[in-house]
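There are 2 protein chains.
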Amino acid sequence: MTARPTRMTVTALGGIPEIRPGDDLAAVIADAAAANGEVLADGDIVVVAQKIVSKAEGRYADLARVTPSARAIELAEKTEKDPRLVELILSEAAEVLRFRPGVLIVAHRHGVVLANAGIDTSNLDPARGETEVLLLPEDPDRSAAGLREALARRAGASLGVVVNDSLGRAWRNGTVGAAIGASGVAALLDQRGQPDRTGRALRITEIGLADEIAAAASAVMGQADEGRPVVVVRGLAHASGDGAASDLVRAKELDLFR
Amino acid sequence: MTARPTRMTVTALGGIPEIRPGDDLAAVIADAAAANGEVLADGDIVVVAQKIVSKAEGRYADLARVTPSARAIELAEKTEKDPRLVELILSEAAEVLRFRPGVLIVAHRHGVVLANAGIDTSNLDPARGETEVLLLPEDPDRSAAGLREALARRAGASLGVVVNDSLGRAWRNGTVGAAIGASGVAALLDQRGQPDRTGRALRITEIGLADEIAAAASAVMGQADEGRPVVVVRGLAHASGDGAASDLVRAKELDLFR
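Keeping their order, the protein sequence lines are chains A and B. For the first sequence, this note's numbering begins at 1 and goes up steadily by one. For the second sequence, this note's numbering begins at 259 and goes up steadily by one.
I should point out that these hints are in silico values taken from the structure, not numbers from a laboratory. No experiment lies behind these values; they were computed from the predicted model shown. Possibly wrong hints are sitting among the right ones.
Claimed, not checked - Derived lysine to any residue pairs resembling SDA-like cross-links, with alpha carbons at most 20 Å apart:
{"hint": "1", "chain 1": "A", "residue 1": "Lys252", "chain 2": "B", "residue 2": "Lys510"}
{"hint": "2", "chain 1": "A", "residue 1": "Lys78", "chain 2": "B", "residue 2": "Asp513"}
{"hint": "3", "chain 1": "A", "residue 1": "Lys81", "chain 2": "B", "residue 2": "Thr463"}
{"hint": "4", "chain 1": "A", "residue 1": "Lys81", "chain 2": "B", "residue 2": "Leu514"}
{"hint": "5", "chain 1": "B", "residue 1": "Lys336", "chain 2": "A", "residue 2": "Asp255"}
{"hint": "6", "chain 1": "B", "residue 1": "Lys510", "chain 2": "A", "residue 2": "Asn173"}
Stated by the list, open to error - What the simulated footprint calls covered on chain B by chain A, stretch by stretch (three residues with Cβ under 8 Å from a Cβ of chain A suffice, anywhere in the stretch; the number is not a length):
{"hint": "7", "stretch": "319-331"}
{"hint": "8", "stretch": "498-508"}
As the list claims (entries may be wrong) - So, partial list: chain A residues that the calculated Cβ filter (under 7 Å) puts toward chain B:
{"hint": "9", "residue": "Arg7"}
{"hint": "10", "residue": "Ala27"}
{"hint": "11", "residue": "Tyr60"}
{"hint": "12", "residue": "Val113"}
{"hint": "13", "residue": "Asn173"}
{"hint": "14", "residue": "Gly174"}
{"hint": "15", "residue": "Thr175"}
{"hint": "16", "residue": "Ala219"}
{"hint": "17", "residue": "Ser246"}
{"hint": "18", "residue": "Arg250"}
{"hint": "19", "residue": "Lys252"}
{"hint": "20", "residue": "Leu256"}
Beta carbons are placed, not taken as given, at the ideal position from N, Cα and C, and that holds for glycine.
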């Protein structure tokens, strides 16, 4: 009996400071890794919370400056939400999927299906005012690619980057970390053609590996006041690749649940 | 700047043998842990692939002995599946949600929404015959609880157990590990009342933590011929609790995507 364990470590860096628009995230992460005694190496995947990517990119919007459309006002009544927030959600969305009081689920124009177009009203800097909210990055795959390049240059290593967010699901309670941006990662791992242990063809052909990585990172990031928005995932030899989070978005015409 | 990392390790045990009906899974896992140099300790969460739980419980069914109903024959035509398999799926299901050629998505009578009621035709023992398939455990939360008790007794430690399976999702490509059984785990972590960093109330109130743990484990289990169906997750201080995977099933009347 061969008894060699296979190990992945999922390490949340401590001491990431409050991120502000224009901050160099790669520099912040490289500094934090050093301060935590972590040496970024080939094959490491750095998972970064959407929130700090959005903050670095200055993706704030001020509800006080938003004038809601008639459609937003109507939908705000039905969802019991601020009409200005609903206006922003609609401006970020490609399609409204479902709503009811307290809930507004849309397909973001990036493709990801999520509540409130991912617009965040928590964990913001109070100094920025009570009406500021935070949108998703303009293009999370592009954010991941830029961050990967800058981090790889600093580390002198080949890295992957995942931008994660906590998403609700159909059919299941609770949010789970998922990849909304990725670079240098086999985001959707194709296992077609690989035999199972008995030599039969595998039935499951595609693994949402970047989502599994994002979920693993979420488990150690915490959601509340811990503030651990950067996680280093190490030991997943099969996770390197040239995928993007957009690979994980099911094409609308193939989606049975819209 | 406090720079103390927080680390979760996710360790797949090597050398788990082929599991057969009646095998004592706790004994197999305890032996494998020892052979891998892993000492199970308080707070560890042992993630076990559904497949070996089902095998140990003898949840095989033989398609050759199934007589499909008229409804199964009709649905088999529409889904291009074996009518006998469809009959088994229907017998496991509480509700058919969606179908099309190649796809049959149901709510299992346990509550979990998944393709083919989780019935597995891959990675089975060819000696058992080409028409044998494997059903989900009779009651995966009960399986997890029994395994937890037996493992904890052997280890002399307080453990959690998650039974995971690879599930498809609405809106997203690829399967992701999810918890279909759990015991001793804060499966659905309630964060209501916890402030964010700015003192505002948190918007996201419930985390599907057992699903995040299941996904992390899936990333190292592999799906193909690697055969690493047991994973030890260590370092998640907030993951102990008295939840069950049934906590993760959204009540039908609250589900907007059925």
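20 Å limit on alpha-carbon distance, applied to hinted pair B:Lys510 and A:Asn173
Roughly 11 Å separates the two Cα atoms, so the pair holds.
Evaluation of the interface hint that places A:Arg250 against chain B, nearest CB under 7 Å:
Hint holds; A:Arg250 Cβ to chain B Cβ min 5 Å, cut 7 Å.
Against chain A, does the stretch 498-508 of chain B show at least 3 residues with beta-carbon separation below 8 Å?
This one holds; 4 residues, not fewer than the three required, reach chain A with a Cβ under 8 Å.
Does A:Arg7 pass the interface check with chain B, least Cβ-Cβ distance below 7 Å?
holds (5 Å)
Hint status (Cβ of A:Gly174 to nearest Cβ of chain B, threshold 7 Å)
holds (3 Å)
Just to be careful: measuring from the Cβ of A:Ser246 to every Cβ in chain B, is the smallest value less than 7 Å?
violated (10 Å)
Double-check A:Leu256 for me: the hint is only fine if its C-beta lies closer than 7 Å to a C-beta in chain B.
holds (4 Å)
Satisfaction of hint between B:Lys510 and A:Lys252, Cα-Cα up to 20 Å:
violated (24 Å)
Interface restraint verdict for A:Asn173 against chain B (beta-carbon cut-off 7 Å):
Since the shortest Cβ distance to chain B is 5 Å, the answer is holds.
Whether chain A covers the stretch 319-331 of chain B (at least 3 residues having a Cβ closer than 8 Å to its Cβ atoms):
Contact hint for the stretch 319-331 of chain B vs chain A: violated, 0 residues under 8 Å.
Against chain B, run the beta carbon of A:Ala27 and see if the smallest gap drops under 7 Å.
violated (14 Å)
Chain B contact restraint for A:Lys252 - C-beta distance below 7 Å:
violated (9 Å)
Checked against the numbered hints above, the structure violates hints 1, 7, 10, 11, 17, 19; every other hint is satisfied.
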